[in-house]
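**Q** Using the hints, put the two chains back together into the complex; each one sits in its own frame.
Taken in order, these protein sequences are the chains called D and R. With our numbering applied, the first sequence corresponds to residues 4 to 103, in that order. With our numbering applied, the second sequence corresponds to residues 91 to 227, in that order.
Some hints here could point you the wrong way.
Said to hold, decoys possible - Between beta-carbon pairs, the in silico distance windows are:
no.	chain 1	residue 1	chain 2	residue 2	range
1	D	T9	R	G212	54 to 64 Å
2	R	Q185	D	V85	22 to 32 Å
3	R	I100	D	N81	25 to 35 Å
4	R	E188	D	T7	25 to 35 Å
Since the hints were derived computationally from the structure, they do not count as laboratory data. Note that the Cβ used here is the ideal one computed from N, Cα and C, for glycine as well.
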Amino acid sequence: MEITKTLENGKAEVKISGRIDTVSSPLLEQELNEILPQTDEMILDFADVEYISSAGLRILLVLTKLLKAKDGKLKLINVQQVVRDVFEITGFDNIINIEE
Amino acid sequence: MKTICLDAKIEKLAEAISFTDEFLESIGCPYTGIMEWEIIVEELFTNVAYYAYKEGDGRVLIAADNTDEGVRLCFIDAGIEFDPVSKEDPDVTLQASERDVGGLGIYMVKKMSDKMVYHRLGNLNVLCVTKKIVKGE
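Next comes chain R alone, as it looks inside the complex (with noise of 0.2 Å):
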């Protein structure tokens, strides 16, 4: 497993996807694979900075790992309290003129993993977002 911790902030969005890029391509992830997962990283890496802590600073530890299921990265950050697995999807048949400007970053999340858990232990978010990799996409 490898972690990094960051500021929550988005200054540091490219360290998180800079670190996820070397562990993916240190086990042979094929480029597609990774393109998903920066996608993945930035919608969540950038939820917690925008959401999590509402007054000063954070932080967030980004854990690495291949799993039996696949890669799993976790999210851990003690911001406030927020489950994004229960969120309501949003309703991507509308047309333009019906749908609404935000909430697409969970549900790509969702669409591009296998599996997405969420845990509130203390008074930490931890999600966790595991992907099997596919060689030779």
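Isolated chain D, as found in the complex (with noise of 0.2 Å):
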């Protein structure tokens, strides 16, 4: 898995590349860390994430409710349908803003 960031303003744009997985997750959760306290929005691309299990939604979970706690936003946006399922299924698609 890659990851590139950027923010500006307290505006944070993260790419993400690959499987996000048991194995790959506490990158992802390492680097979104790093940037959480300087951001207020977050829009996370996924038009590379051609996977994701429980692990990966524990972590966006995770984001979610952070954000939330101080006023924040989080947007997913070129989520893959494979992905979108996954969402669909868990209930996720309700309690994270997806971009059609």
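**A** Right, here's the structure in full:
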């Protein structure tokens, strides 16, 4: 998994490539935690995310909770259908802003 | 039937998934079906790796078969008794602030499969997951 991120004036854009699974999710968590204190709005670009398991969902849920706690915003963009299916099964499409 | 016996360690997850991929490809499973099976295998394998053996090392046997009801994967371990089928489902209608962080893995397996059956045989946990393959997905 590869992660590239930008942060400017409280707005973070994070592009994730590859699989978000048990093995890679700690890295994603670490990268997001680094920028979270300075972030008011976060956009996660999922164009190249081909797989997500419950380990990845846990990170997204914690991220959602932390951002909401400080009135921040989270949006996912370019989500592939296989990942959308996981979000729908688990109800994450109702708790996270996923751009159509 | 194809089988693989692995150390119940996260480092072996990739092998478990490769084994599954090879079996599914050998029977012509389409891409989306393979992705769902990979999630199923990851969730069940990591459960054994993290929770089955509290002390010391343990192993897990994965058996893959193509049956009349669909592909069936069975996970067999000698860890502490655990029946994931009877585990209560999380409420996926709750808002983020109300949701627990854990508990989604087994739920995802239940939703992505057609059947999930657990047996305790002696000192073994035997968990079998069955899912029909839809060709041309």
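**Q** Hint by hint, say whether it matches the structure.
**A** Here is what the structure says about each hint:
1. D:T9 x R:G212: 54 to 64 Å: Since the Cβ atoms of T9 of chain D and G212 of chain R sit about 56 Å apart, the hinted range of 54 to 64 Å holds.
2. R:Q185 x D:V85: 22 to 32 Å: holds (25 Å)
3. R:I100 x D:N81: 25 to 35 Å: holds (29 Å)
4. R:E188 x D:T7: 25 to 35 Å: holds (33 Å)
Checked against the numbered hints above, the structure violates none of them.
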